[in-house]
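> Spelled out, the chains give:
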Amino acid sequence: MNEILKLLEEDGRYTPAEIAAMLGREEAEVREVIKKCEEEHIINGYTAIVDWDRTSEESVTAFIEVKIVPQRDDGFDRIARRIYQYEEVESLYLMSGSFDLSVIVTGPSLRAVSRFVSEKLAPIEGVRSTATHFIMKRYKDKHRTFLVEPEQEERTLFI
Amino acid sequence: MMDYEKLMSRRVQGLAPSGIRRFFDILDTMTDAISLGIGEPDFVTPWHIREAGVYSLEQGFTKYTANAGMTRLRREIAAYLNRRFDLTYDPQGEIFVTVGGSEAIDLCIRAMLDFGDEVIIPAPSFVCYGPLVEMAGGVPVYVETKAENEFRLTAKELREALTPRTKLLVLPFPNNPTGAIMERGDLEAIAEVLRGTEVTVLSDEIYSELTYGQRHVSPANIPELYERTLLVNGFSKSYAMTGWRLGYVCGPREVLRQMIKIHQYGIMSAPTTSQYAAIEALKAGDGDIERMRDSYDRRRRMLLKGFRDLGLECFEPRGAFYMFPSIKSTGLSSEEFCTRFLKEERIAVIPGSAFGPGGEGFARVCYASSTENIETALQRLGGFLERLRGEES
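Same order as they appear, the protein sequences are chains A and B. Using this note's numbering, read the first sequence as starting at 1 and increasing by one per residue. Using this note's numbering, read the second sequence as starting at 1 and increasing by one per residue.
Derived by calculation from the structure, the hints in this document are not laboratory data. There's no promise every hint is true.
Said to hold, decoys possible - Lysine-lysine pairs mimicking DSS-like chemistry, simulated, CA-CA at most 25 angstroms apart:
#: 1; chain 1: B; residue 1: Lys328; chain 2: A; residue 2: Lys6
#: 2; chain 1: B; residue 1: Lys305; chain 2: A; residue 2: Lys35
#: 3; chain 1: A; residue 1: Lys6; chain 2: A; residue 2: Lys35
#: 4; chain 1: B; residue 1: Lys305; chain 2: B; residue 2: Lys283
#: 5; chain 1: B; residue 1: Lys328; chain 2: B; residue 2: Lys146
#: 6; chain 1: B; residue 1: Lys63; chain 2: B; residue 2: Lys343
Said to hold, decoys possible - The following label-pair restraints were derived from C-beta to C-beta distances:
#: 7; chain 1: B; residue 1: Ile267; chain 2: A; residue 2: Glu38; range: 55 to 65 angstroms
#: 8; chain 1: A; residue 1: Ser56; chain 2: B; residue 2: Thr31; range: 24 to 34 angstroms
#: 9; chain 1: B; residue 1: Glu224; chain 2: A; residue 2: Ile42; range: 27 to 37 angstroms
#: 10; chain 1: B; residue 1: Lys328; chain 2: A; residue 2: Glu153; range: 51 to 61 angstroms
#: 11; chain 1: B; residue 1: Glu254; chain 2: A; residue 2: Glu153; range: 36 to 46 angstroms
#: 12; chain 1: B; residue 1: Glu5; chain 2: A; residue 2: Ile49; range: 56 to 66 angstroms
#: 13; chain 1: B; residue 1: Gly287; chain 2: A; residue 2: Arg13; range: 19 to 29 angstroms
#: 14; chain 1: A; residue 1: Asp141; chain 2: B; residue 2: Ile262; range: 50 to 60 angstroms
#: 15; chain 1: B; residue 1: Ser370; chain 2: A; residue 2: Arg82; range: 37 to 47 angstroms
#: 16; chain 1: A; residue 1: Arg25; chain 2: B; residue 2: Arg184; range: 23 to 33 angstroms
Every residue gets a Cβ at the ideal spot worked out from N, C-alpha and C, and that includes glycine.
Throw the hints in and build the complete structure from the sequences for me.
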C-alpha cells in the first residue's frame, strides 16, 4: 500500500494502470488499494500544485501563529474545529513551542486576510493572541520548486 | 598545405569511427525529439553532495590532492565496498581515485598490455573498450553474448575465445546496453575457465548499484578471481554524478603501483572538488542510491510491460537503466529502425549495432527519463510498429 501512496503523492494523476506497470502489480489490485485508502481517509483528495504568482489572479497567503488559553476536556480540538471550518483556512496545525496553532490562510488581498484575522480569528473564544506573517515568495511547495532551474547546455555525446 | 592524414598517428586514424555516424548526424539536428538515447541518470546530484563540493570551494580547498586521491576518500571507498558488496581493499595501495570510471578502464588496459596482447570483450557492450585496447597496441577479441542467455557471458563462449595471447578479460556487468547481469554461479563458471591461466579480469562495475531483484556480485567476490581482478567503479551512475568525473580502481597493489605511474604523468590527480563531494556521497548517500534505484525500477517495469503489450520481444534486464528489445520482427536493420523511428516519430533510441557484434537486430532504450516521456515513446512506438506492419503486407 505504501508504495502506491508514495507514487500518488509524487503525481496524483498516475492511473491505476500506470501504477500497476511501475510496481509490477495487477491493475485491479491497485484500484482496490486506492479505493480502500480513499474510504479510510488515508487518501483525502487530489489537487494541483499551482504557482498563482504566474497568473493574473491576485492572492495572498499568511502564516498566523495563534496562542490559545489552555483548554479542559477536549484540549485544542474544539477550538481547532472552530477555526478550520472557515473557507479561508488552507491548513491548520497544532504546534509545540512558543505558540499553539499554526494557521495558514489565503485570501484575495492583504486587507481581506487582515480582516479575517481581526474579525474572525482573533475574537474566537479562547484565542489569546495572533501574530500574522505574510508570505512574500514561494520557493517550494510539496517538494516542487517554483523557480525555474537553469537549463543545461546542449551536448552531443555518445554514452 | 599540410597533409594531416600523413602527419597524424596511424593508430588514431585507424580507430573505427562510430559505425552509425549517420544516425548521430540526424540526431544532432533534431532538438525537439524525445531522447531515450543518452545513457545518463536524469537526476541532479543530491543537494547534500553538491553542497559538500561547494563548501570545499568556500574553504579554499583548490589544490591538487595526492596522486592516488585523498586518504579520507580512499578510506570511505574501502568502507563502502565492504559495507555494500562485502569486498576488502586496503585504502593504502589497493585503491586509487581516477577521473571517472573511464580513466580507470584506460589505465587498466594500458598498464596490462604489451603489443599484440589480446583482450576479450563481451559484446554488445559500451563502446570504449575496443578502441582503448587498440590505442594500447592490443587486439580486441569480441565475444558475442546471446539474447537466449540473457546476454551473460558463458563459460563455453569464454573458453572458445581464449588463446595463449589473452591478457585481459573485460567483464562489463551490469551491462550497457543490454541490462544483463552476471550472478555468482555465472562468475564461478568463468573462474573455472580462467583457473591456471594468466588472464586478468577487468571488471567494469559502474552500474553495480543499479540491479533489480538481487544484489550485484563482483568477480572480486569469487575467491579464485579476487587476486586477478581489477575492479573499476565510480560515482556517475550510483549518485547521479556524471559531470563530476570521478571513479576509482581497486586491485592487487603490485598492479596499482605500476598503473598509478600513468595516472601520475597524465592526470596528476582527480578533481579536488569532486573528491570532497564524493566523501559526502559515500558517508551519507546510501539513501540516495536506494531512492534513485527504486525510481528506475518503476520505470523499468513500466517500459518492459509496454514493450510486451506491443508484442516487442525483450528479455527482462536486471541491471543498469537500459532495455534492449529485439526489433528483428520489423524486418529492418537496427540502424534503419532507429533512423526511421527518430525521423517519423521523433523519438531517439540507439541502434544496437553501435555496441559491437551481437547488437544488430536490437535497439538500446534508456529508461532514465520521465514517465511521461516513456509513455509518449510507447504510444508512438505502437503507431510506428503498426505502420511498419502495414508496409509489409
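> Below or equal to 25 angstroms on CA atoms is what counts here, so check Lys328/B against Lys6/A.
38 angstroms, violated
> Regarding the pair Lys328/B and Lys146/B, is the alpha-carbon distance no greater than 25 angstroms?
14 angstroms, holds
> At the C-beta level, are Glu254/B and Glu153/A separated by a distance inside 36 to 46 angstroms?
Check passed, 42 angstroms falls within 36 to 46 angstroms.
> Is 27 to 37 angstroms right for how far apart the beta carbons of Glu224/B and Ile42/A are?
Between Glu224/B and Ile42/A, where Cβ atoms are some 52 angstroms apart, the hint is violated.
> Would the hint linking Lys305/B and Lys283/B be met if the CA-CA limit is 25 angstroms?
36 angstroms, violated
> Has the hinted range 24 to 34 angstroms been met by the Cβ atoms of Ser56/A and Thr31/B?
Between Ser56/A and Thr31/B, where Cβ atoms are some 31 angstroms apart, the hint holds.
> 23 to 33 angstroms was suggested as the range; check whether the CB atoms of Arg25/A and Arg184/B agree with it.
Given range 23 to 33 angstroms: holds, Cβ gap about 29 angstroms.
> That 19 to 29 angstroms hint for Gly287/B and Arg13/A (C-beta), does it hold up?
Holds, since Gly287/B and Arg13/A (Cβ atoms, about 27 angstroms apart) stay within the stated range.
> At the C-beta level, are Glu5/B and Ile49/A separated by a distance inside 56 to 66 angstroms?
58 angstroms, holds
> Would you say the C-beta atoms of Asp141/A and Ile262/B sit inside 50 to 60 angstroms of each other?
51 angstroms, holds
> Are Ser370/B and Arg82/A spaced within 37 to 47 angstroms by their CB atoms?
44 angstroms, holds
> Between Lys6/A and Lys35/A, does the CA-CA distance stay at or below 25 angstroms?
15 angstroms, holds
When held up to the earlier numbered hints, the structure conflicts with 1, 4, 6, 9, 10 and fits the remainder.
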